[in-house]
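Add chain W to chain U, keeping to what the hints say.
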Amino acid sequence: MFSTLTTLFANAAAEVRFELLPPPYVIGIVGALAGLLVFAALLKFKGWSWITKTATYIWKEWLTSLDPKKIGVMYIIVAGLMGLRGVADALLLRTQQALTNTDIGNVMTSDQFQQVFTAHGTIMIFFMAMGLMFGIMNLVLPMQLGARDVAFPFMNSASFWLFTAGMILINLSLVFGEFAATGWLAYPPLSGIAYSPGVGVDYWIWTLQIAGIGSLLSGVNFFATIIKMRAPGMRLMKMPIFAWSSLCTTVLIMFAFPILTVTLALLSFDRLFGMHFFTSDFGGNPMMYVNLIWAWGHPEVYILVLPAFGIFSEIVPVFSRKRLFGYTSMVAALIAIMFLSFIVWLHHFFTMGAGANVNSFFGIMTMAIAIPTGVKVFNWLFTMYRGRIRFTAPMWWFLGFVLTFTLGGATGVMLAVPAIDFQVHNSLFLVAHFHNVIIGGVVFGFMAGLTYWFPKFAGFKLNETLGKIAASCWIVGFMVAFIPLYILGLMGATRRLDHYDPSLGWQWLFGVAGVGVLIIAAGIAMQLIQLVVSFIQRQKNIDLTGDPWDGRTLEWSTTSPPPHYNYAVTPTADHIDPFWYAKHDKKKAEAPKYVDILMPKNTGAGVFIGGFALVFGMAIVWKIWPLVFVGLFGAIVTIIIRATHDDPEYVITAKELQQMEAAHAKGGAA
Amino acid sequence: MSHATTNHKMSAELEAHHHAFNDDKTQFGFWAYLMTDLVLFATLFATYAVLHNNTWGGPTAGELFSMPYVLVETMALLTSSFTVGMAMLAIFRFKQTQALIWFVITFLLGAVFLGMELYEFNHLVHEGLAWHASAFMSSFFTLVGTHGLHITVGLLWMGIMMFRIVKQGITHNNVRRLTLLSLFWHFLDIVWIFIFTFVYLMGAAAV
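Chains as they are written, first to last, in this note's numbering: chain U, 1 to 670; chain W, 1 to 207.
These are calculated hints, taken from the structure and not from any lab test. In this text, all values refer to a predicted model and were calculated from it rather than measured experimentally. Mixed in with the good hints there might be a few duds.
Stated by the list, open to error - Ranges of calculated distance between the beta carbons of each label pair, as one might list FRET restraints:
| # | chain 1 | residue 1 | chain 2 | residue 2 | range |
| --- | --- | --- | --- | --- | --- |
| 1 | U | 503 | W | 206 | 55 to 65 Å |
| 2 | W | 100 | U | 632 | 22 to 32 Å |
| 3 | U | 25 | W | 59 | 44 to 54 Å |
| 4 | U | 388 | W | 49 | 51 to 61 Å |
| 5 | W | 166 | U | 630 | 28 to 38 Å |
| 6 | U | 595 | W | 175 | 20 to 30 Å |
| 7 | U | 625 | W | 97 | 38 to 48 Å |
| 8 | W | 186 | U | 53 | 43 to 53 Å |
All C-beta atoms, glycine included, are put in the ideal place defined by N, C-alpha and C.
Isolated chain U, as found in the complex:
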């Protein structure tokens, strides 16, 4: 049966000869021409005034917006597109591995394969997962806290545009030059100038540096938001768990991302100025890089997964119609994970030879993380126990998560044993493990969150049936794609392998894994179809109450979609799940008392900072020094102009607020 599957898979891909694809610059020219063509078509059929009107609308209402809800949507769009590119990369990788020993042969060269797996890892972590995380935080966090905005609205916009500048830079490497062929963490000395003299590693460095600084600023911003912007009455131990998980994540960002900034800077100094931090000669120490990058890299995976935990902690109580089981232990578990995540980094390189004592310490700390994580899983299950459960699409994602994430956690504990790690280090067993926790934990979590909060921001629910089909495809596809990798890893297949000897008998397993990726791709197609279908059916699934799921937290107390000021009157939160209590309070709600409020004015400064950062990045990758200074100087001047701006806000008076609320209630979105 498996050989049939392999043959099917092989035949499907037989027509495509990737090595015959035109060189990158041709793709660039074709892309530019296609863009021009679209522009010409718009000009012909819609007219010039329509184009300027639309462009002005996008500029005024979206690109320059400081509204976290809009910034959140833009994050999710960018992250979604990058997710598609990451999945396309994954399809290429699996196709190569499945077909290399068939009649079709290699679909790409070894060098291309290396660039593709490097891009896949980098894009999925930095531009898919981080983007979705910041997107969801932007959408949900201020509303859950009862706030109208984040602590520093302009910095939020600048963060987004730095993220986007990094995203554009990494995609420019498709057309101009090459990308790193070093793996997603670019270990030296391979990533040093001696062994990677091209621009690929420079693209990698500056992409991450620019996006990373954006992430660091976001971390500070959301940290201050959570500490300083909570609704009256919402003490820390009354915050929604998503806010708690975000708090822990921002603390991790603030401690981990400066390490990444320094590590990338040092690597770039080695490459640009001939320094010797990580070189093999002149006293450099390549293993220090591995330590530093994982001192960031390990907390990074918790930065991603903690918000996903937070999302599940919101979803499970709502769909079980029970308050969350063990709120305090949930918070304690989050904090424990936050601390432990900083003292386990060495488990990524037990084989470095730090000695038995050091390895034992890090091994034991790693296993200890399973305890708070286990607490969380049981708390979710106990929340469901004797609840009145509604099996909506978010719950399907949750159940898929429990299944896959627990499996991934178990193999993680196996890898935490140094003796086992020595056997499976850098094998496909490891690859299967971290996809198991990142797809099962982070991706499923964010998908659940997007489905859950979608009606709040769109005003209508997503199609449930298609959502469940998509979730099923993902869960099944995941198992089919990654269980074979565990087996292959135990059989000795190393990661980043573009060819192997047919006599090893690995072919059929790679074939099965390839089919699994296709099933996941079908799930993604389902999600895209779901978006379209839901938009067409929006009248059917419209949410007029603002509370489509019978929610418990503050964001459900305002309309869907919310007005740009979120709440006309600042809400209070005297309980955990304040909205639940407010709904079931017998007392009649008092008429709202409006007061003047302040909202930030839109500004294009963030766009310009991102633009200058992109110019800087591209120039330094190609060592065009005059342009480097243009980018740097432009960014600094923009920051100075913005920082000395004295009037960044405008007032909405109580009277206007009352009129807007009345208009809002009478019908239709704002």
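Here is chain W on its own, set in the frame of chain U:
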């Protein structure tokens, strides 16, 4: 949506509340940023700790630095931390001229510090001990240079703020920004004390 076109004045009550909240929030956020900067320096200290003996046959820290010179440099910066404090006291008492004088002194002391550091760098490069001479020199130049870069940013910031005090006087917004600037300046002072101790004093002691 009807924003941007409206241009109401804030009521006095709203303005007072807004200022207090905004100042509090901004200072907290700036503290949080300073802590991330501290992690950045901590990482550089860690690399220096790992690499400072890897001199690749070149001189060690103890053989390289002139302690009296570094002491003068250090005193310049420490004094500037005192003078920026005096400047802020004057700001809080709305004494504009006094504040400006103290800021000018602080600026000059910062410039002296930066000048001395650049002179030392230049000297090392001429001795054939540039950043590419060894891992030790790389980590030295990066750690000390990053601090110098921060001082440069601080000086730029101080220059702009002096200009604004002259033009606008001691407005609420300027007080908020100056408070952050003085935090930043004291922070750089503390980091320098660590650099002085770990790089120069312990380097000299190790000979």
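Hint-by-hint comparison with the structure:
1. A hinted range of 55 to 65 Å for the beta carbons of residue 503 of chain U and residue 206 of chain W is consistent with their spacing of about 58 Å.
2. At about 30 Å, the beta-carbon gap between residue 100 of chain W and residue 632 of chain U stays in the expected band of 22 to 32 Å.
3. A hinted range of 44 to 54 Å holds for the C-beta pair residue 25 of chain U and residue 59 of chain W, which are about 50 Å apart.
4. Taken as a hint, the range 51 to 61 Å holds for the pair residue 388 of chain U and residue 49 of chain W, whose Cβ atoms sit roughly 58 Å apart.
5. Between residue 166 of chain W and residue 630 of chain U, the C-beta spacing of about 30 Å keeps the proposed range 28 to 38 Å intact.
6. Range check, residue 595 of chain U to residue 175 of chain W: Cβ separation about 26 Å, and the 20 to 30 Å hint holds.
7. For the hinted restraint 38 to 48 Å between residue 625 of chain U and residue 97 of chain W, the CB-CB distance of approximately 43 Å keeps it satisfied.
8. For the pair residue 186 of chain W and residue 53 of chain U, the supplied restraint of 43 to 53 Å holds, since their beta-carbon distance comes to about 52 Å.
When held up to the earlier numbered hints, the structure conflicts with none and fits them all.
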